[in-house]
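Protein chains: 2
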Amino acid sequence: MMIMDRLYHEAVKKGPICVGLDSTLKFLPKYLLSKDCSDGEKITEFNKKIIDATADLAACYKVQIACYESLGLDGMKAYSETVKYARSKGIVVIGDVKRGDISSTGDQYAKGHFTGDFEVDVMTVNAYMGVDAVSPYYKYIKENNKGLFILQRTSNPSAVDLQNLAVGDDTIYEIMGDKIEAWGSAFRGENGFSAIGSVVGLTRPEEFEAIRARCPHTFFLVPGYGAQGGTGEDIAKILKASRCAVVNSSRGLITAHQKAGCEDEGFAEQIRNATLAMQEDILKWL
Amino acid sequence: MMIMDRLYHEAVKKGPICVGLDSTLKFLPKYLLSKDCSDGEKITEFNKKIIDATADLAACYKVQIACYESLGLDGMKAYSETVKYARSKGIVVIGDVKRGDISSTGDQYAKGHFTGDFEVDVMTVNAYMGVDAVSPYYKYIKENNKGLFILQRTSNPSAVDLQNLAVGDDTIYEIMGDKIEAWGSAFRGENGFSAIGSVVGLTRPEEFEAIRARCPHTFFLVPGYGAQGGTGEDIAKILKASRCAVVNSSRGLITAHQKAGCEDEGFAEQIRNATLAMQEDILKWL
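Those protein sequence lines, which keep their order, are chains A and B.
If you count by the working numbering, then the first sequence holds residues 227 to 512, one letter each, in order.
If you count by the working numbering, then the second sequence holds residues 227 to 512, one letter each, in order.
FYI, nobody ran anything at the bench for these hints, they're computed from the structure.
Please note: incorrect hints may appear among the correct ones.
Since copy identity is lost for identical chains, a pair holds within one copy or between any two.
[Stated by the list, open to error] Straight-line alpha carbon distances no greater than 27 Å define the calculated DSS-like cross-link-like pairs of lysine-lysine that follow: (1) K261 <-> K240; (2) K239 <-> K274; (3) K252 <-> K365; (4) K252 <-> K368.
Please read all numbers here as calculations on a predicted model, not as lab measurements.
Whole structure, please, built from the sequences with the hints as guidance.
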């Protein structure tokens, strides 16, 4: 099944939850921090236990590569082991890498993130450089059933610096959305969504509804729930019109044990409970 | 000395040459390919020999991380060893990583590329997400003498997709340039340039001259020479007004041995000769 169809079906079946593994040392329970192994190994164990505890609830996992790059080679090994473990459970894995470069360089990123040690199912891409930053992945979309999420309207406060500027009657994020629809038109699956999706934050729900209506073949990766302010009611408004999105939460889920004061092996159960609460917070509005 | 002052002085002293280590297996001489070691180790040796042969000519090295990510963990080790080796020679190293993310994630990228295994002096940044993608690095600019090059007007054909769109009287790349000038205003060195530089391709020289005039405190990393079409005369026109740039060549230099049919240990001498020819091609117009 085409990757975005697979993600769509998982989101309909389990709920649209993307568990964000933005795992850093400060989120680890004390029992793990005190283990006699490398920082990367501690984070790998943290992630594996979260995956075990949430695999029946997560439509997908998003792994934020920056958290692993920050630990150097040891961190990159943890990234590799995390994405391999999550994929071995049969769950869609999004590499949140936000790469983007000229074609010859894009070819290298495509090989790096769609094959080998860092292989994921879908990666995030920054298209400030235009279609050259996107087309190197087409081969992998066609031949290896991979997918993309391209940054359109991000969830951070300064997204407006560039993305909300007006070019004639349209904003940059609307223009980017039109491009994503066009680039994806060759890669549509049985549910009408293309293998080239879009990242739109939940922090301005009224913008999001207009984006969804303008990009009917685009599947969305939605950050901004929880720690960044978006609510279940916000996303449910979008999903009532079309089950076109997965909603990411990272800190809101993977720090749940700390809020509960749990520093032992029971931590993953707390993260599971937070994931269930997020699921309920969204599904009750649908 | 502030990092961009250091780069300015190197460029004035040696010539404005940035040697781009976009090293992939297909560029290696046959004697190296046949060695009994990993692909990453072969590339590390290739790079070290290039660095040894060009250290007196290069104002800086730019290492394209995509080429290393494409080889997985073995490639990341090669990246780490390459940047360490070039820095050990006292030469400025630019990590061409084009990262960009929300603040909490940017903190992780900053740690990852300005400390530890992947430490470089300057990194490239994509600011589609606005100032949030830039401000996490300020701490390292101030406390660790690091610098940035932010994508402004890139050298690839589809740069125009977004960067040349008009917002009122200005293009997106002009607006990005104004932001780079503003963000850098707190970090200016003794030569007037700030620690926050800009990436502008050489592929449209007339645009470049207008950008330079509009961004007088910005130092430029200039791709697009050689394989992408820019000439020594093109860049010399800019440098006559201000010695405000280093010019990168990657494939044009590191494949010189292949054009000369050299597949043995003499390869680095061919790359040195190509670097000398590039230096002359620029300096003869100044």
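Item checked: Violated hints - listed by number, lowest first -> Per hint list: single violation, 1.
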